[in-house]
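Those protein sequences? They're chains E and V, same order as listed. Heads up: the first sequence at position 73 corresponds to 73 in my numbering, and the numbers run straight through without jumps. Heads up: the second sequence at position 37 corresponds to 37 in my numbering, and the numbers run straight through without jumps.
Treat the hints as calculated values from the structure; they're not laboratory data. Take the hints with a grain of salt, since some may be wrong.
[Said to hold, decoys possible] Covered stretches of chain E, as calculated for chain V (at least 3 residues, CB under 8 angstroms): (1) 29–41; (2) 87–95.
[Unchecked claim] For lysine-lysine, the following PhoX-like pairs were computed, each having C-alpha atoms within a straight-line distance of at most 25 angstroms: (3) K93(E) / K71(V); (4) K93(E) / K70(V); (5) K98(E) / K55(E); (6) K98(E) / K57(V); (7) K93(E) / K53(E).
Each residue gets a CB set at the ideal place from its N, CA and C atoms; glycine is no exception.
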Amino acid sequence: KNEVEQSPQNLTAQEGEFITINCSYSVGISALHWLQQHPGGGIVSLFMLSSGKKKHGRLIATINIQEKHSSLHITASHPRDSAVYICAVWYDKIIFGKGTRLHILP
Amino acid sequence: NAGVTQTPKFRVLKTGQSMTLLCAQDMNHEYMYWYRQDPGMGLRLIHYSVGEGTTAKGEVPDGYNVSRLKKQNFLLGLESAAPSQTSVYFCASSRGGYEQFFGPGTRLTVL
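Excised from the complex, chain E in its bound form:
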């Protein structure tokens, strides 16, 4: 069983839709990291959180430590949000999910 599971693996949506990407993990963690990988390959840090909720622009990340689950939400999605979104968890090491490929249609 993978220690970090992301769902869905692929997601296509229309511009303006509300997007939710999920990350579940099986170990006790100290922090969780959401990353965005652009089509060109570059990786950008979005959020690092260990509890509660964080918001930056149209992006919101939440984490429930008891349920070992985190969600990344995108409000008013736009084609430029098309990317792979990666969840990573820290415990005694760092483990990455395989990513969710998001495609927003204009």
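Following the hints, complete the assembly by docking chain V onto the known chain E.
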């Protein structure tokens, strides 16, 4: 500030050849990391460093060596490249165990 830079961006090697990938950061970060990214798999940690002169093994260290002689640089070496090392390599840095900043990646092909 340039952030995290990687050299080279692309490289093709023959089996058995050696090479060194250079990662440099100008953010005065203590921690630096080398990852590989393969199709269908998440990023995997090869080696990391928590400070100048220190290195430690990650999840997939075999076939790689690293050095951190200067705080701003982290080198990844392949002594005898194998086709299984064909991958995209990412370097990252962080201030302590906080969010990581990634370099643009190096695409390596071993024939």
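The hints, checked one at a time:
1. 29–41: holds (count 5)
2. 87–95: Holds, because 5 residues of the region 87–95 of chain E bring their Cβ atoms closer than 8 angstroms to Cβ atoms of chain V.
3. K93(E) / K71(V): 22 angstroms, holds
4. K93(E) / K70(V): With Cα atoms ~24 angstroms apart, K93(E) and K70(V) stay inside 25 angstroms; holds.
5. K98(E) / K55(E): 23 angstroms, holds
6. K98(E) / K57(V): Measuring from Cα to Cα gives roughly 21 angstroms; hence the hint holds.
7. K93(E) / K53(E): 23 angstroms, holds
Checked against the numbered hints given earlier, this structure breaks none of them.
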